Amino acid sequence: MTLRVGVNARPEQPGMTDFVREAERLGADSAWTAEYWAGDALTPLAFLAASTSTIRLASGIVQLGARTPAMLAISALSLQALSGGRFVLGIGASGPQVMEGWHGVRFDRPVRRTRETIEILRRVAAGERLEYRGELYELPLPGGDGRALRGRMGPLPLPVHVAALGPANLRLTGELADGWIGNSFLPETAEVFLDPIRAGAAAAGRDPGEVELTVAVGVELTDDVEEAGRRHAEGYAFTFGAMGSAGANFYVDAFARQGFGEDVCEVQRLWLAGDRDAARARVPTAIGLGTNLVGTDDMVRDRLRRYRDAGITTLRAGLAGDEPAARLDQLGRLLDLVREVNAEEREGVVPG
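Just so you know, the numbering used here puts 6 at position 6 of the sequence shown, and the rest follows in order with no gaps.
Worth flagging that the hints you see were computed from the coordinates, not collected in a lab. These numbers were taken from a predicted model, which means no experiment stands behind them. Note that CB positions come from ideal geometry on N, CA and C, so glycine has one too. Any given hint could be a false lead.
Unchecked claim - Now the in silico label distances, taken between C-beta atoms and shown as ranges:
#: 1; residue 1: Ala199; residue 2: Glu100; range: 28 to 38 Å
#: 2; residue 1: Met71; residue 2: Gly143; range: 33 to 43 Å
#: 3; residue 1: Glu323; residue 2: Ala203; range: 46 to 56 Å
#: 4; residue 1: Leu272; residue 2: Asp195; range: 24 to 34 Å
Start from the sequences and build out the full structure, keeping to the hints where you can.
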């Protein structure tokens, strides 16, 4: 399995455009923009489409429910046309804290919403007349003056990747999506995520190899492994404590399925009790090291082999460093290591 590397593109960081152009020159495969309660995911990609030529441009992720499926479809097709076919639409259900608190949209039936959105996206991208009867969306609305319209931009290819952590959404990803956007992932427990994806693909009569597998990793090439590992681990305290509620935290659930249930539940309890320092100290270093590429060149090279052997196709790299030059230095070193590991795969080398 050949590994590719993507980079994060953050419009709030000075020099974003120059950073992505240089990442493209160094050999990065894709640039990813996030969407939460800062900037949106699509506007920066439109800007980058005019400033780059080969790098794929991906949303990671657009939040479902923040736009109607048809609005999302025409925005995505506009980006696909402007970028010369380099756009990847990454979508996800987000969570109740963001959807209900920020967008004022009820967070209900996220897996069903994902399914119906993908089905509507496919129809618009194919240039079909938009008639749809779902459980959440009905187009045109019954009893009114709406007409079934045909989009005037399609047909255009529109790769759709889904951010999923739970088993039902993972199976849906395997069934319908072109790719998976993952996090909270350790290659040693890859089957927790990949088995449902493969099961969904098989049930739909698809080859699971058709599903691109992207995983987010922090990257820090350093000799001070213990310090860096602790720092990356402590960053998860916010994820376990604040990225959800006491009764619904998708990240806590994902790590529990990978064998860290007692640890992450205690981190969450401490955070919600207001003891943030204790929560940070309680996150196992193994989580910081296991979900990221942290350490010496030899350590990172070994981790890359584990991701490759697990079947991961793209690593979305969060690069260490405050300045673009520092992040590009880390990226260049990472890409060299990835090329070495990919060369082993092509030549059938078994590391000794």
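Going down the list of hints, with the structure as the test:
| no. | hint | verdict |
| --- | --- | --- |
| 1 | Ala199 / Glu100: 28 to 38 Å | holds (31 Å) |
| 2 | Met71 / Gly143: 33 to 43 Å | violated (22 Å) |
| 3 | Glu323 / Ala203: 46 to 56 Å | holds (48 Å) |
| 4 | Leu272 / Asp195: 24 to 34 Å | holds (31 Å) |
Checked against the numbered hints listed earlier, the structure breaks hint 2 alone; every other hint is satisfied.
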